[in-house]
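J.: Listed here are the chains, written in short residue letters.
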Amino acid sequence: MARQARNMMKYVFRRILLMVPILLSVLIFTWIISHMMAINPYLNRLAGVLDRQVLEKELRRVGWYDPWYVKLGIYLKNFFSGDWGESFIILPGEKVINLIAEIFPKTIELMLFSIIIVPIIAIKLGVISAKNKNKPKDTLIRGMAILGAGFPVFYIASLVQIFVGLSLGDFTFDGIDIPVVYANNPSLTMPVPPGGAGTGFRLIDSILYNDQIYLWDTLMHLILPVFCMIFVSLSGVTRQTRSSMLDVLDQDYVRTARAKGVKEKDVINRHALRNAILPTSHLIIGGTAAALLGSLFVEVTFNYTGMGYYLLMAIYGGDYLVINGFLVFSTIIIISGTLIADVAYTIIDPRIIY
Amino acid sequence: MTQIQLEKLESDEYSSSKKGKIGRLLKFYLIPGWRNPDFSATEYEIGKLKSKRRLFRRLLTPLTIAGMMMILFIAILGVYACWLTQYPLELLCRPYTPPGGDPFAAPSPEHPLGTTRYAYDILGRLIWGARTALTAAALPVIISTAGGLVVGSISAYFGGTVDSIIMRFCDFWFAFPLLILIIIISPMVGQDLYNLLILFGVFYIPASTRWIRALVLQVRQNVYVRAAVTGGAEKFKVMFKHILPNAMSPVIVGFFGSMAGAILGFASIAFLGLGDETFADWGTDIMYGRAQFTAYWALFWPGLFIAIAAVGFMLIGDGLRDALDPRLHI
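Sequences listed follow chains A and B, in order. Once you know that position 146 of the first sequence is 238 in this note's numbering, the rest is easy, because the numbers rise by one and skip nothing. Once you know that position 115 of the second sequence is 214 in this note's numbering, the rest is easy, because the numbers rise by one and skip nothing.
The reader is advised that the hints may include incorrect statements.
As the list claims (entries may be wrong) - Listed next, the stretches of chain B that the computed footprint assigns to chain A, with coverage defined by at least 3 CB atoms under 8 angstroms from CB atoms of chain A:
id, segment
1, 265 to 276
2, 283 to 291
3, 331 to 340
4, 389 to 396
5, 408 to 414
The hints are simulated quantities; they were obtained by calculation from the structure and are not laboratory data. Just so it is clear, CB atoms sit at the ideal spot from N, CA and C, and this is done for glycine as well.
Whole structure, please, built from the sequences with the hints as guidance.
T.: Here it is as structure tokens:
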């Protein structure tokens, strides 16, 4: 076992070393993209200046006319020394790193529920569906899974927004009111007093500082987006679990276990499921990419100001430093998720040796 | 045996008697329905071996038939669009706004499903949008599958340095969330439909490369490939004539699954406003419909049709996968 642990550490180390060139390539790629955007950010600041000489002198001072390698070098140097730039269109003057640190917890809160709830329910549903193949239970679960996968996520989100958010409030005269459009009630403020210790997560902060109205408000704003994300993630994992379980249940060792007299419950949970869980685990753990993308559409539909929402506003406005920062951040998350998923492969199936 | 000796042996079988040859030839051309007896006997035997009847029987399960019906419905809407609705395409898309129109009106006799944002007729946009949806399904998938087949086969077959370089590039590409990349780049290539679809297709080539490479690596283990190489076939012929036809069935299954994904992906881009507004597209309809929530019919129907198209392709893909599965010994 010691040799396998050493091999594993060497593998992880090699993968982390491999992350560095990928990260550099990602940085250069985003730099190229942002320079293809043909936006001159200094025209915002120098808007009223009509004299060409003054304009040109100012642009030369800030380095607009430098050759591309100088610009790239300055960009990389700034990036690795922590200066990711400032936003100039969506929130003028706000540093990109501060923006990410403020906004990313909101997206994590959205994804958190789906990451916790979806594996538990979806694997159970997939196993049930594979056990009763082509019977009514299977058709029902497969039907729901295909609904979740076939309907676009923003369509489900819009329908839920109209029929549960608006109409429910109308029909019950605000008795049951699930707010849909603003991310939080605009009159509420964060429960963390200025200068106090806070985590940045709204749920945790409101529990820490015992602010019940804020907690209730945040939960009410989270219900509908979380429901949409769970519905869509469930379908993917259920279909994958069902298809792997169908493959495994045809194998000979399952037949042997049944012939030996093992209880059906144990055949499924202890013998079959462990061999079937591998692709599903990759889907769940490495599915951080899908969660990011799915949360973009859900956030835009519900006006929930998470990372996807701000990324989209930056794209609409052309705020290329924010786009760069968010894109590199998402890339880091995706690469780390894939690495964790690959390492988890060996934990789940000890026969896999890299 | 060399190639020449084999061919002679084959031709000897069918023209074993030289004197009957011209007679048989004349009879074949002049008598309709006449077949050479020993030739058709051999063909009959070969036909029984290559029978596709069991394949069709496994294919026609209820769910797959439902999928085919859905796609047939969408295809009929697309093909017969001019006759199914009274509004031509120009009156339903962006540069034209119906003067004196009533946006978000309730269903009425001249607008059977109501109107959307700029007083366009919903039913007309649904019917004309079928063409855009089918194009958005077909074009990116054809580009990405073709590119993946070529690059994946080359990478898997040659191995070594070429394989490493292509795989590193695919790893780098997978680090990006693709949809976000498309959203960022699409304002730069313009908002034309075909530019967007070609962009989609090209951006999905690394994904299909990786998958086809795994397939080709599996098929390459077989003995007939080694036999072909030993027989003296050159590299590209082995790749495209021996390996690829045997790897085709998962590729066909993946083709249909990718079509569903392409429809949903293009609808997502159009929903964010970056689609082509000079075509009637279902994703843009959902974007229009969100302008007024009390008129929920404006976004209900386009989304339903997107779902019908995507689910239809998915069901056909699943049905094909179950039918072509070599492990079910039916």
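J.: Take the hints in turn and mark each one as holding or not.
T.: Against the structure, the hints:
1. For the segment 265 to 276 of chain B, the stated coverage by chain A holds: 6 residues have a C-beta nearer than 8 angstroms to a C-beta of that chain, and at least 3 were required.
2. Only when three residues or more bring their CB closer than 8 angstroms to a CB of chain A does the claim for the segment 283 to 291 of chain B stand; here the count is 4, and the claim holds.
3. Counting residues of the segment 331 to 340 of chain B whose beta carbon lies closer than 8 angstroms to any beta carbon of chain A gives 0, which falls below the threshold of three, so the coverage claim is violated.
4. Requiring three or more residues with a Cβ within less than 8 angstroms of a Cβ of chain A, the coverage given for the segment 389 to 396 of chain B holds, as 3 such residues are present.
5. Remark: the segment 408 to 414 of chain B is confirmed as covered by chain A, as 4 of its residues place a Cβ nearer than 8 angstroms to a Cβ of that chain, reaching the required three.
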